[in-house]
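Whenever a hint applies, use it, and build me the whole structure from the sequences.
Chains as they are written, first to last, in the UniProt record's numbering: chain A, 1 to 381; chain B, 1 to 381; chain C, 1 to 381; chain D, 1 to 381.
In case anyone wonders, no lab produced these hints; they're calculated from the structure.
Don't take every hint at face value.
The list treats identical chains as one, so a pair stands whether inside a single copy or across any two.
[As the list claims (entries may be wrong)] Heads up, simulated BS3-like pairs for lysine-lysine below, C-alpha to C-alpha not over 25 Å straight-line:
id: 1; residue 1: K327; residue 2: K289
id: 2; residue 1: K327; residue 2: K198
id: 3; residue 1: K327; residue 2: K240
id: 4; residue 1: K96; residue 2: K54
id: 5; residue 1: K289; residue 2: K240
A quick note: this is a predicted structure, and the numbers were derived from the prediction, not measured.
Number of protein chains: 4
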Amino acid sequence: MTLADRYRAVRQRTEQICSPLQTEDYVVQPIVDVSPPKWHIGHVTWFFETFILKPHFMGYQEYNPDYNYVFNSYYETVGARVIRTDRGNLSRPTVKDVYLYREYVDEAIYNFLCHEPSLEIEELFILGLNHEEQHQELLYYDIKYILGHNPLFPAYDRNYSSPKIEETSGFISMNEGIYEIGHTGEGFNFDNELNRHKVYLNAYQISTSQVTNAEYLEFINNGGYQDFRYWHAEGWDWVKTNKITAPLYWHLIEGEWFIYTLRGLEPLNLNDSVMHISYYEASAYAAWKGMRLPTEFEWEAAATQFTWGKSWEWTESAYLPYPGFSKAPGAIGEYNGKFMVSQQVLRGASEATPPGHSRITYRNFFHPNLRWLFNGIRLAR
Amino acid sequence: MTLADRYRAVRQRTEQICSPLQTEDYVVQPIVDVSPPKWHIGHVTWFFETFILKPHFMGYQEYNPDYNYVFNSYYETVGARVIRTDRGNLSRPTVKDVYLYREYVDEAIYNFLCHEPSLEIEELFILGLNHEEQHQELLYYDIKYILGHNPLFPAYDRNYSSPKIEETSGFISMNEGIYEIGHTGEGFNFDNELNRHKVYLNAYQISTSQVTNAEYLEFINNGGYQDFRYWHAEGWDWVKTNKITAPLYWHLIEGEWFIYTLRGLEPLNLNDSVMHISYYEASAYAAWKGMRLPTEFEWEAAATQFTWGKSWEWTESAYLPYPGFSKAPGAIGEYNGKFMVSQQVLRGASEATPPGHSRITYRNFFHPNLRWLFNGIRLAR
Amino acid sequence: MTLADRYRAVRQRTEQICSPLQTEDYVVQPIVDVSPPKWHIGHVTWFFETFILKPHFMGYQEYNPDYNYVFNSYYETVGARVIRTDRGNLSRPTVKDVYLYREYVDEAIYNFLCHEPSLEIEELFILGLNHEEQHQELLYYDIKYILGHNPLFPAYDRNYSSPKIEETSGFISMNEGIYEIGHTGEGFNFDNELNRHKVYLNAYQISTSQVTNAEYLEFINNGGYQDFRYWHAEGWDWVKTNKITAPLYWHLIEGEWFIYTLRGLEPLNLNDSVMHISYYEASAYAAWKGMRLPTEFEWEAAATQFTWGKSWEWTESAYLPYPGFSKAPGAIGEYNGKFMVSQQVLRGASEATPPGHSRITYRNFFHPNLRWLFNGIRLAR
Amino acid sequence: MTLADRYRAVRQRTEQICSPLQTEDYVVQPIVDVSPPKWHIGHVTWFFETFILKPHFMGYQEYNPDYNYVFNSYYETVGARVIRTDRGNLSRPTVKDVYLYREYVDEAIYNFLCHEPSLEIEELFILGLNHEEQHQELLYYDIKYILGHNPLFPAYDRNYSSPKIEETSGFISMNEGIYEIGHTGEGFNFDNELNRHKVYLNAYQISTSQVTNAEYLEFINNGGYQDFRYWHAEGWDWVKTNKITAPLYWHLIEGEWFIYTLRGLEPLNLNDSVMHISYYEASAYAAWKGMRLPTEFEWEAAATQFTWGKSWEWTESAYLPYPGFSKAPGAIGEYNGKFMVSQQVLRGASEATPPGHSRITYRNFFHPNLRWLFNGIRLAR
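In structure tokens:
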């Protein structure tokens with residue numbers, strides 16, 4: 001598969017994810033964590049323009065200098081940017097404008113790729129594709145949030161179905177000892193997966209399946225949200241301040257639990273894995289069960305022995321650098337390292353993760369209060 | 001002119017105001033005071049559906065019960081409503097959906113009007129038309145804010161021009177004595193213009209023209225924004241907290257003043273009347289000139305003697321009930337009275353005021369810090 | 001009575017008000033509107049030092065230049081100041097230090113008064129005494145708030161008793177016509193009571209007594225706090241945001257109403273006048289009764305015909321300048337004018353008002369949400 | 001040393017720390033993280049009353065049931081508590097009252113200790129003493145903050161001097177391999193130091209001395225606070241939002257650096273170790289030096305090879321449970337575990353740490369933005 005083919009495939013997938021949207025759905029930003037879909041569309045394009053075309057394609061004519069300001073996300077190195085909270089206030093550029101920008105950049109990229117790029121640029125390219133794949137996943141999160149918080153509960157796609165992933169129930173026993181953690185080998189990886197290094201783990205057991213809605217409902221019905229003993233202090237504050245009583249997208253309507261899915265509002269399916277819970281909730285659930293969440297090292301050491309990929313799994317590990325971690329020079333170096341404080345690692349993948357994007361050493365990370373991502377719970381003890 | 005003809009004219013004017021908009025422009029809400037244009041379009045329609053069709057048109061089939069929730073503005077009597085700050089988070093109903101709703105209600109209204117309505121209903125009707133005209137004016141404010149705060153500074157209409165209103169400069173002297181204030185006669189009025197009553201005014205002088213950009217610039221250049229002596233205490237806090245240094249929509253670019261107008265960004269025209277200033281700024285300007293703003297009573301008593309209508313004029317009067325003021329029963333009674341605290345009266349009209357909507361007894365009112373409305377300054381002494 | 005005698009009397013009264021306090025009571029600031037008593041003690045002293053001694057007493061040695069910063073309240077003219085919200089964070093100067101400062105200034109003042117001051121300085125002096133009397137009243141408010149919001153509900157003085165003021169119940173009828181409003185004659189007045197001017201009033205009736213706790217309780221028991229129809233829009237928001245269900249200092253304990261008074265927590269006395277309600281509550285109560293609050297002009301025109309002085313009475317008038325109002329030059333000019341926006345006038349006096357400080361033309365003013373002042377309700381119709 | 005002797009020694013040390021305070025210094029709470037000293041005095045007393053006397057001393061008469069509410073810190077198990085932000089609003093109980101409470105409880109404790117307590121109670125006792133020692137350290141932090149943020153910059157003790165701790169400069173090299181981490185042996189430990197467990201460390205070097213004011217000043221003078229590349233994203237936001245340009249207590253006065261110490265305001269001593277920096281600053285400084293902070297495991301593994309104890313040292317480790325960590329049952333179990341999210345570990349001790357309270361396995365923890373604690377920087381690479 002040529003680089004151009006890979007590029008085309010990734011770019012088309014982004015557009016296909018957005019194809020069920022109405023123009024208006026591209027524009028709004030109901031909370032700061034959600035970005036308007038048109039911003040994603042523009043931002044991933046801006047990435048290729050800024051890091052490939054402008055520095056490396058001689059004679060490339062920038063599409064619109066103002067877009068640099070509009071579509072920069074957080075790269076301080078490359079200049080001013082629209083503050084994240086303001087993205088939903090911008091009606092222009094229109095959705096059509098953003099797609100025209102996208103076409104323009106795509107055309108330039110195809111021209112650029114007529115000549116084989118250097119290895120260094122090819123690496124940047126692969127990073128750009130992985131970056132766009134990350135935004136594909138975020139698009140699912142954000143679209144679900146935008147539609148799922150609309151009082152009309154519109155469906156994204158009435159025929160949407162989650163991929164089937166079979167699990168067996170039980171616990172795997174792992175021996176005490178030294179394990180190797182982190183990326184190795186040829187394929188693509190993010191800088192935060194390096195260096196591969198040894199960790200010493202005590203003996204532990206880890207579940208081969210995720211917690212289901214039925215199991216989580218038991219926690220709710222047993223007063224889990226009313227008993228501070230299961231919660232971190234800041235989790236308990238969060239529960240009380242935000243009056244949390246159930247996972248995001250759960251609605252108790254006349255005594256029956258409903259759930260908003262990408263198909264619209266539906267009765268809660270008890271056999272599905274629970275999703276859309278914060279780290280605080282995952283941890284409280286585990287405490288109520290008399291267990292705990294695995295560390296990211298325990299997860300990685302055992303992951304070849306169970307199926308995963310239904311949804312990202314909160315771990316008990318904070319997001320910190322591996323031994324020998326070093327940032328790339330320049331703007332690309334802002335990619336991961338600067339977030340290594342106050343966040344929690346998730347492992348695995350979700351139904352929103354693009355095919356081929358996941359791997360056993362992948363480190364996802366979010367603040368412990370966030371729930372709009374596609375995540376669930378795996379227990380350890 | 002029949003009621004149906006009047007209805008058609010008002011409704012078409014709303015749509016004509018929105019005709020230059022892109023779909024995306026209908027959706028966003030950059031600050032809480034601004035509503036998304038599609039919300040206005042739906043809300044004025046909801047008003048006719050809720051107060052005319054549903055109670056008075058036998059057999060009328062409500063378009064969509066959820067719209068009651070989405071498009072209610074503040075009428076507590078008629079149920080729950082989307083909180084004002086959340087209006088910009090709703091991508092659905094789409095713009096097209098809202099126009100379909102509008103068509104549906106229009107059709108029902110025309111059918112309803114085949115039979116001559118009772119006097120009471122005709123009055124409700126006239127109120128609904130005046131209500132829609134008020135939102136026409138707000139549409140101009142909100143569209144200007146949405147486009148004027150976009151980093152691309154898109155024009156609303158490159159050929160937009162303000163109506164010409166000729167002023168003579170000077171001051172009119174008014175005698176001490178009793179004046180009659182408030183609405184009288186046949187035409188439509190809001191409840192807050194009643195009762196007509198006597199007020200005793202001391203002798204005063206009032207300017208026959210509004211303050212110009214040139215005059216206001218002198219205030220800026222003389223350090224008016226840096227000298228607390230001209231300001232109310234809460235105005236001075238507002239200036240410092242928000243780092244205010246000029247009217248809204250003014251931009252100092254490389255030493256030259258520019259202004260965003262509905263035509264886009266332009267060099268400041270010094271002969272135009274100053275617009276988009278808060279009550280605090282109007283009052284500070286007057287203090288710097290050694291004068292003051294007129295009271296709403298002084299304004300009304302003298303208004304037949306000068307031209308007005310360029311922009312709303314802040315008065316020194318707080319928005320309070322006239323003697324004998326009483327609220328209508330039911331939801332309509334929520335129209336004006338419940339805002340009679342902490343707001344300041346403006347008199348006159350603006351270029352955004354629909355033709356025929358203004359009159360000498362009209363009482364407009366806003367909080368003293370607001371500037372996105374079309375307003376200016378007339379001095380008194 | 002010499003000026004020195006008057007000075008001594010006022011100064012001693014301040015100290016006598018504070019005499020039941022513990023050192024700790026002087027220090028805290030539970031909300032921004034409350035100032036620590038030691039700040040009051042220092043501030044009124046600073047006023048005499050800054051406006052009398054430093055400019056007019058040759059050779060006067062400033063006590064401590066840092067105190068200028070600590071005890072300035074809001075006079076921008078005389079330099080930087082501790083932000084109001086920070087007053088409660090200052091443990092130093094200690095209470096003893098502040099009283100030493102007070103003694104030092106008192107001594108200087110008595111020396112200064114050995115020579116008869118000019119008329120202009122005498123006026124400043126009188127202003128300083130009236131200023132201290134205003135802070136005496138605030139001391140009662142603030143002490144009550146500090147002790148009344150302590151979980152131990154300590155008494156200020158177990159033997160405290162309110163002055164008896166006899167009222168007759170009923171309504172006075174006032175004729176339509178011109179009335180003269182504002183200060184006239186020889187005695188002291190604040191600038192906001194000028195100029196005396198004519199107002200035209202419609203016929204009205206005003207109650208000869210204040211609303212009692214029994215009457216107000218009826219409003220509560222009839223669901224007055226749950227029915228938006230009686231409330232201003234911003235009042236309704238205030239009720240819901242702050243979960244207001246009764247006047248300040250009322251406590252429902254096992255089904256019985258208690259009230260915190262300066263004597264401590266007591267069963268509610270139904271015959272007392274209701275106190276500690278916001279303008280919103282006063283106005284909602286009046287609406288529920290089918291009446292309204294008087295304007296400040298109606299109040300002043302009728303006030304010789306009823307007894308008043310139990311507590312300040314909210315009026316329907318916003319705090320605005322009288323015709324011909326002008327600010328004094330310099331810092332003294334900051335006294336009143338700069339607050340003439342977004343506040344509501346109260347008339348009368350309270351049991352906390354120093355003897356001799358009240359008069360029929362006195363204009364008190366506060367924001368409409370405040371309740372820690374000593375205020376009540378008089379109805380009009 | 002008997003338990004009663006140990007108790008007496010710890011209790012007296014608390015009172016000795018407070019002996020230079022004025023009554024007013026005991027009362028204020030300038031920021032939420034700081035508690036009023038009188039609250040500390042009462043809270044550590046409440047701890048002994050609640051966990052020893054009330055459950056275990058037959059016939060013990062509770063001093064004042066209201067104190068349970070006033071002096072509970074965060075133990076949800078034992079009932080309601082004054083919200084942390086409100087502690088500085090309470091003038092009562094007075095300082096004298098709190099000391100009387102303290103005397104009462106002390107007396108009861110001495111009586112209780114006439115009979116030898118069970119082993120379980122002795123453990124609780126030791127926990128209570130360690131708890132009080134932790135508050136002794138916090139008292140230093142809070143007193144310094146209260147006095148150091150007063151515009152008069154009062155000294156705590158003009159003769160205060162820090163203990164001398166000699167350091168040699170250089171780096172220790174540590175070998176790759178397995179190290180044992182966590183408490184072992186007989187002495188007291190907190191639950192968060194268990195279980196002792198193996199960790200695998202890569203080879204690393206760690207500095208034998210802390211960063212000095214001179215070295216940190218170089219970072220400032222080289223624009224370290226203006227260059228986002230050295231900062232975590234949330235650290236950079238913190239710098240910009242709070243306009244941070246130097247450590248807490250540093251003041252640039254007419255071009256010279258001064259520092260507030262417990263002796264008052266002094267010229268900055270360049271040879272002292274830098275103190276009062278956030279984790280963000282520590283980490284940015286390390287990045288600027290091309291190094292990093294040690295993990296808590298690296299710190300513990302190497303700590304026998306350098307002197308420590310000048311001030312707590314931020315590590316790159318988040319505060320997480322050790323393998324096998326389990327909470328004690330009941331209120332005591334709330335001690336540590338519930339804070340194990342979003343905080344950063346510090347190791348070592350400070351000049352404010354009570355003698356005998358520190359040990360090599362001690363895990364201190366704070367949020368990464370906090371600087372009022374006594375902390376510094378040790379580099380690793």
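Exercise. Which numbered hints are broken by the structure, listed smallest first?
Worked result: none
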